[in-house]
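Protein chains: 2
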Amino acid sequence: MADYLARVRVTLKPTVNDPQGNTVAQALGTLGFDTVEEVRVGKFIEVKLTASSQAEAEKQITLMGEKLLANPVIELFDFEVEQA
Amino acid sequence: MADYLARVRVTLKPTVNDPQGNTVAQALGTLGFDTVEEVRVGKFIEVKLTASSQAEAEKQITLMGEKLLANPVIELFDFEVEQA
Numbered sequence: 001m002a003d004y005l006a007r008v009r010v011t012l013k014p015t016v017n018d019p020q021g022n023t024v025a026q027a028l029g030t031l032g033f034d035t036v037e038e039v040r041v042g043k044f045i046e047v048k049l050t051a052s053s054q055a056e057a058e059k060q061i062t063l064m065g066e067k068l069l070a071n072p073v074i075e076l077f078d079f080e081v082e083q084a
Numbered sequence: 001m002a003d004y005l006a007r008v009r010v011t012l013k014p015t016v017n018d019p020q021g022n023t024v025a026q027a028l029g030t031l032g033f034d035t036v037e038e039v040r041v042g043k044f045i046e047v048k049l050t051a052s053s054q055a056e057a058e059k060q061i062t063l064m065g066e067k068l069l070a071n072p073v074i075e076l077f078d079f080e081v082e083q084a
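Here the protein sequences come in this chain order: G and B.
The opening residue of the first sequence carries number 1 in my numbering; numbering runs sequentially from there.
The opening residue of the second sequence carries number 1 in my numbering; numbering runs sequentially from there.
To be clear, the hints were calculated from the coordinates, so they are not data collected in a lab.
Heads up, a few of these hints could be off.
Identical copies look the same in the list; a pair holds intra-copy or inter-copy alike.
Unchecked claim - Okay, derived cross-link-like pairs now, DSBU-like style, lysine-lysine, Cα gap no bigger than 35 Å in a straight line: (1) K59 - K13; (2) K48 - K67; (3) K67 - K13; (4) K48 - K59; (5) K43 - K59; (6) K43 - K67.
Build the full structure now, drawing on both the sequences and the hints.
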């Protein structure tokens with residue numbers, strides 16, 4: 001068993017409205033950042049886990065993404081795993 | 001002027017407690033993922049902007065991170081910028 005660190009990015013599907021992102025974009029404009037075209041806000045989740053191999057760690061993280069970390073109706077996720 | 005896409009990761013500083021991360025870790029354990037050691041939850045922010053160069057886009061994103069996207073007291077941020 002070895003330690004792994006997974007970095008998971010959870011994003012809203014492109015067709016889903018993102019009021020939080022719109023608010024951030026508006027706030028940036030108010031602060032003078034007038035070149036901003038769009039902002040989307042998602043989650044960045046770091047998971048430390050033990051696994052017997054890189055492949056096993058990736059399999060576990062995929063399951064976690066499907067079952068808990070992302071809402072499959074409105075969100076997508078991807079990740080990278082490295083030995084920690 | 002060209003279009004750029006910045007992917008910004010905002011994370012809690014290592015010394016800051018993360019109740020949301022702890023809750024996710026606990027929930028993963030309840031779901032049977034008993035190899036999880038720690039979970040930290042941050043934000044993943046995608047910013048589309050126009051800039052005259054890659055360097056200018058990176059400068060703008062750095063300022064946005066310092067001024068709005070991250071709370072410098074408790075959070076860190078890093079990013080990558082690519083032409084979109």
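Going through the hints against the structure:
1. With identical chains, the CA atoms of K59 and K13 are at most 35 Å apart both within one copy (22 Å) and between copies (28 Å).
2. Within a single copy, K48 and K67 get their C-alpha atoms as close as 17 Å, and across copies as close as 30 Å, so both meet the 35 Å cut-off.
3. Both within a single protomer and between protomers do K67 and K13 lie at most 35 Å apart by alpha-carbon distance, with minima of 17 Å and 27 Å respectively.
4. In this homomeric assembly, K48 and K59 come within 35 Å of each other (Cα to Cα) both inside a single copy, at 14 Å, and across copies, at 32 Å.
5. Taking the shortest Cα distances, K43 and K59 sit within 35 Å of each other both inside one copy (20 Å) and across copies (23 Å).
6. In this assembly of identical chains, K43 and K67 lie within 35 Å of each other by CA distance both inside one copy and across copies; the values are 16 Å within and 20 Å between.
The structure meets every hint from the earlier list without exception.
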